[in-house]
Amino acid sequence: MPTDPTPPSDRTPPTDSTPPTDSTPATDSTPILEMRGITKSFPGVKALQDVTMTVSRGQVHAICGENGAGKSTLMKVLSGVYPHGGYQGEIVFEGQPCHFKNIRDSEQRGIVIIHQELALSPYLSIAENIFLGNERSTRGVMRWTQTNKEAARLLATVGLDEQPDTKIVDLGVGKQQLVEIAKALSKQVRLLILDEPTAALNEQDSAHLLGLLRNLRQQGITSIMISHKLNEIAAIADTTTIIRDGRCIETLDMHGPEPVTEDRIIRGMVGRDLAHRFPEHTPRIGEELLRIEDWTVHHPIDHGRVVVEDATVTVRRGEIVGLAGLMGAGRTELAMSVFGRSYGTGISGRIFLHGKEVRLRTVNEAIRNGIAYATEDRKRYGLNLIEDIKRNISSARLEKVSHLGVMDSPAEVAKANGFRKEMNIKAESVDVPTGKLSGGNQQKVVLSKWLFAEPEVLILDEPTRGIDVGAKYEIYEIINTLADAGKGVLVISSELPELLGICDRIYAMSQGRITGEMPRAEATQEGLMRYMTMEKNGASR
Amino acid sequence: MSASTLEQPPKTGKGDGGGGSAITAYLSQNLQQYGMMAALVVIVVLFQIMTDNRLLYPNNVASLIQENAYVLILTIGMVMVIVAGHIDLSVGSVVAFIGGLCALMITDWNLPWLLAVVLSIAVGGLVGCWQGFWIAYVGIPAFIVTLGGMLLFRGLAIVMVGTTVAGLPGGFNAISNHSLPNALGFIGQLDGLTLVIGAVAIAGLTLTQWRSRRALIRNDLRVEPFAAFIGKIVVSVAVIGYITYLLAKSAGGTPIVLMIVGLLTILYTFVMSNTVFGRHIYAMGGNLPAAKLSGVKTERVNFLIFVNMGMLAGVAAVVTTSRAGAAVAAAGQNFELDSIAAAFIGGTAVTGGIGKVFGAIIGALIMGVLNMGLSIMSVDPAWQQAIKGLVLIAAVAFDIVNKRRASAS
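Top to bottom, those sequences are chains A and B.
Each residue of the first sequence is one higher than the one before, starting from 1 at the first, in this note's numbering.
Each residue of the second sequence is one higher than the one before, starting from 1 at the first, in this note's numbering.
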């Protein structure tokens, strides 16, 4: 529940109490948006629970929270991605209750959301993208002059120095972001929602974007900004709402009498107790199994962009090592590039297994050398959903249940049945297609698949994403068992309590670099979060 | 396999033999699987009536197989191509090209016809290497590469053959026109060897079905209700028995191409369901990124799929040329469309990942019976084509509606 249910503007309008900074010509004191008691459930998960939030007119309102806290879900409820009726609670926008059935409905009221993954059509021009779905036309015939003229005007507003007929593919991410904002402006936006707008931007582009948001604020456009970058929030936000575990924790007035520090925000983001959510485990740690040294990876398409920089990571026998980081920190990219170069280009660095240097040029070589990588996106990259459990389990190492290329089906079934019992996969038989299983059981199939391959080191990317608490506990137990069996486990997770609960040692990553390393005894959420939000300083640039 | 099999799995273990409701439920859940077989039976019965019982004249059955062997052979390769998520538009032209080459090897180069047949299949493999290289290693979509192949090989066939190369030896022409020799004499009016082959087929089918059911039960996997199992066996035995009877009564006995098609069907059913290669094809069609992240060498598998398709096109070329008794530059017209249609009618998923050799064979037989029945009725070839088009759409529509029904329940 919000500790501060009254909207800040009712209490202390910033224009009165603060010196005239560049903020808030809030002449109208009624809030532009109220969301009351929003609850949204997915099968097995309550993503939002009784969230109440008020956004004042003409402000930049920041929303903070860990990955998976429910920020994006809240914005999807607001913008009609999750239609009215699919959630409880009410939304009042400019004094009118809202029942959006889709994004179009919310856009007609002037609520425009810009998603993290930009939704521009790459081979169309800037002007075409700006007016996509909203074309300047007469009876179905395009009016190109007007289209390009209006686009040019909007580009000037957002400060983008490009011709309207330039194709989107020829623009960098920062400029694409500006095109998105121009597109929002073309729709007469009243409330602009930006989901992690600067996550993929460099400092210059970020600074430009923040400047633009300030300008828009002066023109009376209200913005909601989801961000992980606490320094940016401190620089631009008028109000900050903190969300954790699907609940609204508190709303901070950034211009209040008491200054809001980054530490203050971090405390709100992570504070919760850890009792009994993790099985007890005493590690028996042995010699070094895996060592990744000076690992650098470039973006697969944008070859100039460094995604992982000089990362060094070690995993020892029987050890559970955590890799913490916010979205876009480069954790998955690090893991996948190590796993047979399945991500990235321009990869440099060295990998040692048992102290011996190895080259893992293909996934096959990685698997044969004893590395397994269980993906964060099991539906897209982990499982063949139209195939059954047994065929998924055997798929990474078919040679173990075949002779001279011919499958030994009884052996395959027997192995699969073994895993079904051992892992407690809840399915009637190993004949059930994995698409019919719940998230937790799918994850157990993914783990079985990689255990079947008999690796020495397992990299588990978000092993408990999207599964319920009970299944999470089972997954933790499996991870402990693996470590006890002498394997090395590297766990990537966005849930800090999870890392603190199960790992023996934790690395933190930020912007492609390993920014910190803490043994279990010393690690705290606040400490990790500080490393995870560490910006690149001048030295690296 | 259709989505409907997934919804409410039938009971494991021995099943409850008698319960009629269990069987009805089972059949409705497996509508797709048995639907096409039922459709085949319905079409056969329909034509049997409309042709005044002429469709199932013994000699007509034999020639139905001989006339349509090419679809059956090509469809086997096409299922693998489509399951992997590709398409092959070139097979008709490749058949003409290799058929021409085969005839020239015999008539101009004076090679023994058996050697020419072996070389033809090898050349088919080379054609597959050519297309597989572009698709697998360069990454050009199969649609484009095989569209190019369709033009390329048709052109080469015309350059090579002119219009016709005739004068092929009797041994070669026998492949598609003759039957196995009457080695075991007659029993009554029936060809002894055909009866033996029929008996072996029935015994083999029953035995393998029985053993696979036993293995399923032993491993605690889903099996169909016992009555459905028995019913399936009885129906298959009856169908094979009846076909055997008809063929044994026909002028020659068992057509040689039936043996070729039969052996290929058994071989490729095994490849698709029991080998690592087959498993990789399904894995790639079902989820390509997941297959890559499981260490499947996707380039190599794609390459081999097209090499295999080329070799089967070589076999089809031999069969087609032998049937005609001559190589024709225009041979193989629309063969690619026939085999693609047969694969889809047989339940292969347009999106890849799903499809069985046996299903595709049923699909090809539906096409074959349509061809035969309509020909017996002397329907205009233009109308034949139109009717086949409608059947294709109807079959796939049935599949999609059936899946939607299953996922809605």
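Derived by calculation from the structure, the hints in this document are not laboratory data.
Where is the CB? At the ideal position from N, CA and C, for every residue including glycine.
One should not assume that every hint holds.
Said to hold, decoys possible - Okay, the calculated beta carbon distance ranges per label pair: (1) B:K297 - A:K379: 58 to 66 angstroms; (2) B:V239 - A:N364: 43 to 51 angstroms; (3) A:H403 - B:I266: 27 to 35 angstroms; (4) B:I266 - A:K379: 56 to 64 angstroms; (5) A:H403 - B:K297: 40 to 48 angstroms.
Unchecked claim - Below are the DSSO-like pairs computed for lysine-lysine, each with C-alpha atoms no more than 27 angstroms apart in a straight line: (6) A:K415 - B:K292; (7) A:K379 - B:K356; (8) B:K297 - A:K415; (9) B:K356 - A:K400; (10) B:K232 - A:K356; (11) B:K297 - A:K400; (12) B:K292 - A:K436; (13) B:K249 - A:K415; (14) B:K297 - A:K356; (15) B:K388 - A:K426; (16) A:K426 - B:K403; (17) A:K379 - B:K388; (18) A:K436 - B:K388; (19) A:K400 - B:K292; (20) B:K292 - B:K249; (21) A:K379 - B:K403; (22) B:K403 - A:K415.
As the list claims (entries may be wrong) - If you want a taste of the chain B side facing chain A, the calculated C-beta under 8 angstroms gives, among others: (23) T163; (24) R222; (25) F226; (26) N287.
Hint check results:
1. B:K297 - A:K379: 58 to 66 angstroms: violated, 23 angstroms
2. B:V239 - A:N364: 43 to 51 angstroms: Holds, since V239 (chain B) and N364 (chain A) (Cβ atoms, about 44 angstroms apart) stay within the stated range.
3. A:H403 - B:I266: 27 to 35 angstroms: violated, 20 angstroms
4. B:I266 - A:K379: 56 to 64 angstroms: violated, 36 angstroms
5. A:H403 - B:K297: 40 to 48 angstroms: At roughly 19 angstroms between Cβ atoms, K297 (chain B) and H403 (chain A) fall outside 40 to 48 angstroms, so the hint is violated.
6. A:K415 - B:K292: At roughly 22 angstroms apart (the allowed maximum being 27 angstroms), K292 (chain B) and K415 (chain A) satisfy the hint.
7. A:K379 - B:K356: holds, 24 angstroms
8. B:K297 - A:K415: Distance ~24 angstroms between K297 (chain B) and K415 (chain A) Cα, so the pair holds.
9. B:K356 - A:K400: holds, 25 angstroms
10. B:K232 - A:K356: Violated. K232 (chain B) to K356 (chain A) sits at ~58 angstroms, over the 27 angstroms cutoff.
11. B:K297 - A:K400: holds, 16 angstroms
12. B:K292 - A:K436: holds, 23 angstroms
13. B:K249 - A:K415: violated, 50 angstroms
14. B:K297 - A:K356: holds, 26 angstroms
15. B:K388 - A:K426: Judged against 27 angstroms, a Cα distance of about 46 angstroms means the pair is violated.
16. A:K426 - B:K403: holds, 25 angstroms
17. A:K379 - B:K388: violated, 38 angstroms
18. A:K436 - B:K388: Not OK: K436 (chain A) and K388 (chain B) at ~36 angstroms, beyond 27 angstroms, violated.
19. A:K400 - B:K292: Since the Cα atoms of K400 (chain A) and K292 (chain B) sit roughly 18 angstroms apart, the hinted pair holds (cutoff 27 angstroms).
20. B:K292 - B:K249: Violated, because 53 angstroms separates the two Cα atoms, which is more than 27 angstroms.
21. A:K379 - B:K403: Since the Cα atoms of K379 (chain A) and K403 (chain B) sit roughly 20 angstroms apart, the hinted pair holds (cutoff 27 angstroms).
22. B:K403 - A:K415: violated, 31 angstroms
23. T163: violated, 44 angstroms
24. R222: Where the cut-off is 8 angstroms and the nearest Cβ of chain A is about 5 angstroms from R222 (chain B), the hint holds.
25. F226: violated, 17 angstroms
26. N287: It holds, given that the least Cβ distance between N287 (chain B) and chain A is near 4 angstroms, below 8 angstroms.
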